[in-house]
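Chains as they are written, first to last, in the UniProt record's numbering: chain A, 1 to 308; chain B, 1 to 308.
There may be inaccurate statements among the hints.
Since the list gives no way to pick out one identical chain from another, each pair is judged satisfied if it fits inside one copy or across any two copies.
What the hints assert, rightly or not - Cross-link-like lysine to any residue pairs, in silico, SDA-like; alpha carbons within 20 Å at most:
#1 Lys74 / Val226
#2 Lys295 / His181
#3 Lys212 / Arg296
#4 Lys81 / Asn147
#5 Lys159 / Gly194
#6 Lys295 / Pro254
#7 Lys74 / Asn99
#8 Lys212 / Leu297
#9 Lys212 / Glu293
#10 Lys295 / Ile184
#11 Lys295 / Glu213
#12 Lys159 / Val135
#13 Lys212 / Asp225
#14 Lys212 / Ala224
#15 Lys295 / Arg257
#16 Lys295 / Val255
#17 Lys295 / Ile253
#18 Lys212 / His299
#19 Lys212 / His181
#20 Lys54 / Leu158
#21 Lys295 / Val305
#22 Lys212 / Leu223
#23 Lys295 / Glu211
#24 Lys295 / Phe148
#25 Lys212 / Leu140
#26 Lys212 / Ile253
FYI, nobody ran anything at the bench for these hints, they're computed from the structure. Since we're looking at a predicted model, the values are computed, not measured.
There are 2 protein chains.
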Amino acid sequence: MSLLVVGSVALDSVETPFGLKEDVLGGSASYFSTAASFFTPVQMVAVVGEDFPKAHLDFLRARGVDIDGVSHEKGRTFRWKGRYSWQLNEAETLDTQLNVFQSFSPQLSERHRDAQYVMLGNIHPELQARVVDQVRAPRLVAADTMNFWINGSRPALLKTLERVNLLFVNDAEARQLSGEHNIIRAARAILAMGPQRVVIKRGEYGAMLVEKEHLFVCPAMPLADVFDPTGAGDTFAGGFMGTLATAGGSLDIPVLRRAMVMGSVMASFTVEQFSLERLREISRSDLHQRFSEFKRLTHFDDLPVLDA
Amino acid sequence: MSLLVVGSVALDSVETPFGLKEDVLGGSASYFSTAASFFTPVQMVAVVGEDFPKAHLDFLRARGVDIDGVSHEKGRTFRWKGRYSWQLNEAETLDTQLNVFQSFSPQLSERHRDAQYVMLGNIHPELQARVVDQVRAPRLVAADTMNFWINGSRPALLKTLERVNLLFVNDAEARQLSGEHNIIRAARAILAMGPQRVVIKRGEYGAMLVEKEHLFVCPAMPLADVFDPTGAGDTFAGGFMGTLATAGGSLDIPVLRRAMVMGSVMASFTVEQFSLERLREISRSDLHQRFSEFKRLTHFDDLPVLDA
Chain A
1 MSLLVVGSVA LDSVETPFGL KEDVLGGSAS YFSTAASFFT PVQMVAVVGE
51 DFPKAHLDFL RARGVDIDGV SHEKGRTFRW KGRYSWQLNE AETLDTQLNV
101 FQSFSPQLSE RHRDAQYVML GNIHPELQAR VVDQVRAPRL VAADTMNFWI
151 NGSRPALLKT LERVNLLFVN DAEARQLSGE HNIIRAARAI LAMGPQRVVI
201 KRGEYGAMLV EKEHLFVCPA MPLADVFDPT GAGDTFAGGF MGTLATAGGS
251 LDIPVLRRAM VMGSVMASFT VEQFSLERLR EISRSDLHQR FSEFKRLTHF
301 DDLPVLDA
Chain B
1 MSLLVVGSVA LDSVETPFGL KEDVLGGSAS YFSTAASFFT PVQMVAVVGE
51 DFPKAHLDFL RARGVDIDGV SHEKGRTFRW KGRYSWQLNE AETLDTQLNV
101 FQSFSPQLSE RHRDAQYVML GNIHPELQAR VVDQVRAPRL VAADTMNFWI
151 NGSRPALLKT LERVNLLFVN DAEARQLSGE HNIIRAARAI LAMGPQRVVI
201 KRGEYGAMLV EKEHLFVCPA MPLADVFDPT GAGDTFAGGF MGTLATAGGS
251 LDIPVLRRAM VMGSVMASFT VEQFSLERLR EISRSDLHQR FSEFKRLTHF
301 DDLPVLDA
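Chain A extracted, bound-state conformation (with noise of 0.2 Å):
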C-alpha cells in the first residue's frame, strides 16, 4: 500500500572518531525512504538546492523512490554538520545551514494525496498539520518530532498531535513533552494529547511501543562495531512504516511488533557505516537474517509449570 514521507533531505558533514565525510545524503526522508523502499514504493516530498547531486535522486530513483514531489529550489541544498565523541550516542551540531530548506511547503499532488501510510518527517508541526490537511482518507499517519518544536513551537506541535496517529520520539523527547520523568507514565500522557501510539525509541537499549491497552519492549541488536548513529532513528521509522505498508492495512499487535523489530533492525545497519553507505549494500535477505538473528538473541523459554 501507498507510503508517503514529508521531510528533509540534507547534504550532511559528519565526523565520528572513525573519520570523517563531507557533503553525503542525509536527511530525515533520505533515510526514511530508503529504509522503507525495501518494503514497498515509497512517495517522497521534500526540497533540493541547485547543488544537489543528480546521482542521490538517481539512487533514490532506482531503490523505487518516487522522487515526482522533490521540488527543486534556487539555492543550496539544506546542509547539517555534526560531531559524535566516542559515546556515539547524541550528536553534537556543528552548523546547520536551512538553505531551501527555510521556505519548504509540501504540496501534495493528486496522486499522494491518496497515500495511505504517511510520515511526517521532524519538520515545524505547521508544516505537518497543512501535508495532513491535504491528505484524504490515510490509513495511519505518524510523525516525528525534537525538542526544538517541543519548546519551541509547542500549542502547533499539541495541535498536530491531536490528528496523528502514531508519533515516534526518544526517551528525551517523550519527557520533554509529557512533563513526565517515567518513560511509561511519558508514554501515556503523550497518548492523552492524541496519538493512538508512541513509539520510543532509546538507541542502543531498544524501542518500546505503548498503546492504552498494550505495550512492546525490545532491545537495540547488539553491535560492537557503531560507526556513524545519524539517520538511525529515521531509518528505524522507514522500517517500521514500510513492514506496516507491507501488512494490508492490518494494525494488528504481531504486526506492529513485527514492525518495531524490523525498525530496529534496520537501523542496527545504518550505524555500522557513514550515511546510507551501508542501506545500499544490503539485501531483504540480509534483513530477513538480522531479524532471525535478533529472535535467536532475545528468546527465552517459559518457566517449567509450578507445582501447586
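Given the structure of chain A, go ahead and fit chain B onto it with the hints provided.
Relative to the frame of chain A, chain B by itself:
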C-alpha cells in the same frame, strides 16, 4: 543445590522523591538471599553488629536462609545512607559507616565449604579470593564488584577475576574495568580477564549475558511506578543464581536465559517499594505471573518466509 552468598548486611537510610526510610534492612547479601530464597535454600556469610534487630534475622531464617554464617561482632552494623533524585537511577551516597563490616573476614564452616553455587558480593576482591580459597568444588562462582575496587584495587580484582566464572557488572563498571566504551567490546574484554560469562546490568534498560560464543539481551520490565531502586542489582543476582541452583547443575543456554529474565522480574518487584518490603509480600506464583507477562511484553513472531 546449595547456594552460598558472602556480602554485606546493612541498615540503610534511603530518601527518594516518594519518602524517607531510616535504618531499614539492606546490604547486598540481604537482597540476594531474600531473592534467591524463592527458589532454593541459601547460606549467608556476613557480619552484623550489636544493634542489628533480631526481627531481621528472624525474617531471613523464616525465608529458609541459613544464617549460621552471620557473625555477630561488637559495635554497630554497617550503615549506608543515600538519596535518589527524580531520575531514580544512581544514588547519591550521603554517608557510609562501615562499622563492623570494616574488619569482615569471611570464614566458611565445613558445611559451607561444600557450596555448589557461590556468590561473592561486592566486597574487597582479596576477601572474595579468600572465599574462593575455602570452597571445595563449586559448580559456579559468581562475583559482583564496583567502581571503588576497579579503581582502587585493580591488581587484586584482576587476580580474583581469574578465579570467577561469572561477573555481574553494570554498564559503567564494565566500561571502567575494560577501558572499552562499546558495551559488547567491554564485555568481551572482561571475558579475556577470566570469567566465562559476564552479565551486564543496565537498570531500566535491561540486561545482557555475554559468553564467548553466545549473547542474550533482554529489556527490563517496564514499570510506571519505581519507588526505590536500592538493591535492584543484588536482587537480580539473587533471582539469577536462585534459578540456576534449581536447574540440577545445568548451565545450558536456556537455563541461563531463564535465569536472566527471572533476575529482571525479581528486581522489578524490589524497586516497587522501599527495602525488601515488596519481596516480603510476594509469592512464587507472583513471580511466575510476571515472568509470563514479561514474555508477553517482549514476544514477536517470525517474519513470513521471503519469496525467492
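Hints and how they fare:
For a Cα distance limit of 20 Å, the shortest separation of Lys74 from Val226 qualifies neither inside one copy, at 37 Å, nor across copies, at 54 Å. In the homo-oligomer, the alpha carbons of Lys295 and His181 never lie at most 20 Å apart, since the shortest distance is 30 Å inside one protomer and 25 Å across protomers. For the identical chains of this complex, Lys212 and Arg296 are inter-copy neighbours only, at 16 Å across copies versus 29 Å inside a copy, given an alpha-carbon limit of 20 Å. In the homo-oligomer, the alpha carbons of Lys81 and Asn147 lie at most 20 Å apart inside one protomer (18 Å), although the nearest pairing across protomers, at 36 Å, exceeds that limit.
Taking identical chains as interchangeable, the C-alpha atoms of Lys159 and Gly194 lie at most 20 Å apart only when both belong to the same chain, with a minimum of 9 Å there against 57 Å between chains. Taking the shortest Cα distances, Lys295 and Pro254 sit within 20 Å of each other both inside one copy (14 Å) and across copies (14 Å). Within a single copy, Lys74 and Asn99 get their C-alpha atoms as close as 9 Å, which meets the 20 Å cut-off; across copies the closest is 75 Å, which misses it. For a Cα distance limit of 20 Å, the shortest separation of Lys212 from Leu297 across copies, 14 Å, qualifies, whereas the shortest one inside one copy, 28 Å, does not.
Only between protomers do Lys212 and Glu293 lie at most 20 Å apart by alpha-carbon distance; the minimum there is 16 Å, versus 30 Å within a single protomer. Taking identical chains as interchangeable, the C-alpha atoms of Lys295 and Ile184 lie at most 20 Å apart only when they sit on different chains, with a minimum of 18 Å there against 24 Å within one chain. Taking identical chains as interchangeable, the C-alpha atoms of Lys295 and Glu213 lie at most 20 Å apart only when they sit on different chains, with a minimum of 16 Å there against 24 Å within one chain. In the homo-oligomer, the alpha carbons of Lys159 and Val135 lie at most 20 Å apart inside one protomer (17 Å), although the nearest pairing across protomers, at 66 Å, exceeds that limit.
For the identical chains of this complex, Lys212 and Asp225 are inter-copy neighbours only, at 17 Å across copies versus 36 Å inside a copy, given an alpha-carbon limit of 20 Å. Within a single copy, Lys212 and Ala224 get their C-alpha atoms only as close as 35 Å, which misses the 20 Å cut-off; across copies the closest is 13 Å, which meets it. Proximity of Lys295 and Arg257 under a CA criterion of 20 Å is satisfied in both settings, with 12 Å inside one chain copy and 13 Å between copies. For the identical chains of this complex, Lys295 and Val255 are neighbours both inside a copy (15 Å) and across copies (17 Å), given an alpha-carbon limit of 20 Å.
In the homo-oligomer, the alpha carbons of Lys295 and Ile253 lie at most 20 Å apart both inside one protomer (17 Å) and across protomers (15 Å), since each shortest distance falls under that limit. In this homomeric assembly, Lys212 and His299 come within 20 Å of each other (Cα to Cα) only across copies, at 18 Å, whereas the closest approach inside a single copy is 26 Å. In this homomeric assembly, Lys212 and His181 come within 20 Å of each other (Cα to Cα) only inside a single copy, at 18 Å, whereas the closest approach across copies is 37 Å. Taking identical chains as interchangeable, the C-alpha atoms of Lys54 and Leu158 are never at most 20 Å apart, the minima being 38 Å within one chain and 57 Å between chains.
In this assembly of identical chains, Lys295 and Val305 lie within 20 Å of each other by CA distance solely across copies; the values are 15 Å between and 24 Å within a copy. For a Cα distance limit of 20 Å, the shortest separation of Lys212 from Leu223 across copies, 15 Å, qualifies, whereas the shortest one inside one copy, 32 Å, does not. Proximity of Lys295 and Glu211 under a CA criterion of 20 Å is satisfied inter-copy only: 18 Å between copies versus 23 Å inside one chain copy. In this assembly of identical chains, the alpha carbons of Lys295 and Phe148 never lie at most 20 Å apart, being 36 Å within a copy and 37 Å across copies at closest.
Proximity of Lys212 to Leu140 under the C-alpha cut-off of 20 Å is restricted to the intra-copy arrangement: shortest distance 17 Å within a copy versus 44 Å between copies. Proximity of Lys212 and Ile253 under a CA criterion of 20 Å is satisfied intra-copy only: 12 Å inside one chain copy versus 35 Å between copies.
Of the numbered hints given earlier, the model fails hints 1, 2, 20 and 24; all others are met.
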